[in-house]
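Enquirer: Starting from the known structure of chain A, arrange chain L on it as the hints suggest.
Heads up: the sequence lines are chains A and L, in that order. Per the numbering used here, the first sequence starts with residue 29, numbered consecutively. Per the numbering used here, the second sequence starts with residue -8, numbered consecutively.
Mixed in with the good hints there might be a few duds.
Reference listing, derived: stretches of chain A covered by chain L, where coverage requires no fewer than 3 residues with Cβ under 8 Å from a Cβ of chain L [unchecked claim]: (1) 45 to 56; (2) 59 to 69; (3) 150 to 163; (4) 299 to 307; (5) 409 to 420.
Just the calculated beta-carbon pair ranges, DEER-fashion [to be verified]: (6) A:Pro194 / L:Phe24: 40 to 48 Å; (7) L:Ala163 / A:Arg50: 14 to 22 Å; (8) L:Gly320 / A:Leu242: 19 to 27 Å; (9) L:Ala101 / A:Leu82: 51 to 59 Å; (10) A:Ser39 / L:Val126: 47 to 55 Å; (11) L:Tyr340 / A:Leu82: 39 to 47 Å; (12) A:Leu146 / L:Phe24: 12 to 20 Å; (13) L:Phe24 / A:Leu242: 46 to 54 Å; (14) A:Leu82 / L:Thr140: 40 to 48 Å; (15) L:Val126 / A:Leu368: 41 to 49 Å; (16) A:Ser353 / L:Pro144: 53 to 61 Å.
Simulated from the structure, these hints should not be mistaken for lab results. Backbone N, C-alpha and C define an ideal beta-carbon position, used for all residues, glycine too.
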Amino acid sequence: MSILTDPPKESFRLSMLIYDTRFRSATIQVVALIGFLILGGWLISNTAQNLVELGKEPSFGFLNEPAGYDINQRLLEYDNQNTHLRAALIGLLNTLLVAVMGCVTASVLGVVIGVLRLSPNWLISRIMTVYVEMFRNVPVLLWIVFINAIMIETMPAPRDFRGETPEATMKLMDTVAITNRGVYVPEPLFTNSLGDVHLFGNSSLRFDVSLDLLALLLVLGASLFASAKIRSNADKTQEATGVRPTTWHIRTAVVVLPSVLLLMFLGLHWGYPALKGFNFQGGTYMRNSLIALWLALSLYTAAFIAEIVRGGILAISKGQTEAASALGMRSNRIMNLVILPQALRIIIPPMISQFLNLTKNSSLAIAVGYMDLTGTLMGITMNQTGRELETVLLGMLVYLTISLIISGVMNLYNKRVKLVER
Amino acid sequence: MSDISFVRKDMLPPKEPPASEVGVLGWLKVNLFSTWLNSLLSVVALAFVSMVIYKLLSWALVPTWHAKSLSECREIFAALGKDGHNSAACWGVIRDRWPQLLFGFYPNGAEEGVSDQRWRPVLDLLLLGVAMAPVLFSEKVPRKLIYFTYVYPFIMPWLLWGGPIWTPICIAAGFVIAYVVYRVLGNIFGSLVGLVAAVATALVWWLFLSGPIASGLASILPIGLEPVASRQFGGMMLSITIGVVAIACSLPLGILLALGRQSDLLIVKSLCVGFIEFIRGVPLITLLFVASTLLNIFMPPGTNFDIIMRVIIMATLFASAYMAEVIRGGLAALPKGQYEGADSLGLDYWQAQRLIIMPQALKISIPGIVSTFIGLFKDTTLVSVIGLLDPLGLTNAIRADAAWNGVVWELYGFIAFMFFVCCFSMSRYSMYLERKLQTGHR
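So that you can see chain A by itself, here it is in the shape it has in the complex (with noise of 0.2 Å):
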């Protein structure tokens, strides 16, 4: 009979910190910490004697004091009384105006070229990669710089529109003025408009929101809701019956009707520009600094885009076509049911983070003058109080929750498109 003991304890000796693996992850990441504390602590103790030193404590009081410069191209109202942190906003919404116009534009431009790039034409699709190609392999930064030169460069002059014969006319049947200033563009304007809702009383985040805008807004998002509603409820008619109920007319009724009665009730009618003295007035003014961002960052992320709606097409197997070809569906069915639903799963997160990129690339900004947070907060702002770490951390922190919301909305994205494997 024998009789099975335990094997012997044994004793913890120190060079089991580092030899036995029950306790050398630990180690590490203790000694990782202790450095990374270390570190951090060096860091932080210089900067803080550097600003000693520099007689700079840190203090964010400089945001309510008056910026004294003028910002030219902006959403709110703002003059150069109000204060630093007044201008960081309208910087940031201006941030914002250039991301979302181009994100729009280069999605658009993306699509369609890199269907292109694929298409039989071998003409079409050859001038499509020279695109692509060139719009990749040149900075970014030069094509802001470039467009911009265009603009002030070749277009007219405010003057060139004067006369009996000008030099230059305006653009869509005289509705667009572009001159070497900037472009003039209609602008929506409403005889019985609804007002404004004044947000956060006096403050400097004061911020006016149209109810107009509110209340087209409403009503599209009611509609667009009623026609969902429409489409699933054919959905079920045709899985139960299967017949499809022709839906369309009422669909495009339901959109377009409720939205162009409202703006008839609110009296829509729109402003020109018009020439008057040295300049245009009236109409919405778009600065050719802004021009040139839009236009530049929206080429050149359209070419990424392209490349990925490509990638996303070419990866979806051919034997999907066929096989749905053989279910004897028609072409656009194929391309509506089978091939876009598995393409969009591969191509909408790269897209996304091209989105991303554009919006941090839209703080190049700075290199034509376009005021956003970067050529605000870290530019003027940073320049006049000399509060360097304030600005800058405080800028990096606005771009962060940038990327993080935008991050934060592709995993969702991602997790409800997840293949669901075994």
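Expert: Coordinates of chain L only, in the frame set by chain A:
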């Protein structure tokens, strides 16, 4: 009448396919005019392309190569009957300023007392080619050349910035000393003690000993190159310097970050994730602001290190975060069996990474790595915003000259061309590398 037959007895020779199906015509029909829509598109595209080419050529093909100033160019335009300032190219500015666009204000012999030093960046670039050959085209060059690659990082900064030869030699000596210490102590006390001792000795050497020894040697044997200040750097040379150094440093850093992010050590992992997400969440330009205004504040009082060095540090950190994500993708794409196989062979973590995981993961991520490289190289133009004279920053300096005030398109075109050549060849090389390393069957 037996010789009458109703069936042909011999085969007819095969007929040529119709002329519209083969050759140029056939190709045109298939590729350009297959349907009426395609035909329409082709005609429109052809018209567009010919218009663009015609306009470009009529702009570019003008005899302005020897013009001395913009006004001289405009006289030539007027003589040719082209009106308007933008009607033709003024190539004189490129002939006059291309050395500056390539080298910035690097000493060119124009100043008193300093001879033409521009051979140094050129030699550096050639040596860079030699140093990279064993890495890039491993099967076509002799193996021994890899030793030169190890030495190159010490030669490069010395050639660019100049100074006595003893500084790089002493810095290199630190590595040799550390290696010797590691081998000697490692054999006696085990590899960990050896490693710690080696790092400590090297640090002591670099911090306290190498400086005095180098200056002592320099005073005995003054061999060296004319020192060149960082503010004299500029042009394409600056872009390539920042790009190459940041690329070379970001790859190993990125690998470490990716491994950290993949590891199951919680603290290490969260440090890596925090770093990567922070860097990827902010624009490069804000990091360059940190380099130009804040990095000196973070260092001990009195430190004032070189602006190019600061920019390189930030660019490296920036690229390494992106690199880490690319490599993480490669690591995630490896089948789990590879990790388990390495474990079952009894390899430890670093052996497994070095011999099994990394070769495959890096191979998968080549396209991503190269596009990160290209992105970084393109992003070097951003240094013009913080006042360094890269090609884009130099355009303003060139326009400040009264002779060339108003020149735009030629400069931008030339810079775009230089970047295009570099980036395009990098992307072609990545395709070559992918094909070369392709071992699977498709």
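Enquirer: For this structure, which hints from the list above don't hold up?
Expert: 4, 7, 8 and 9
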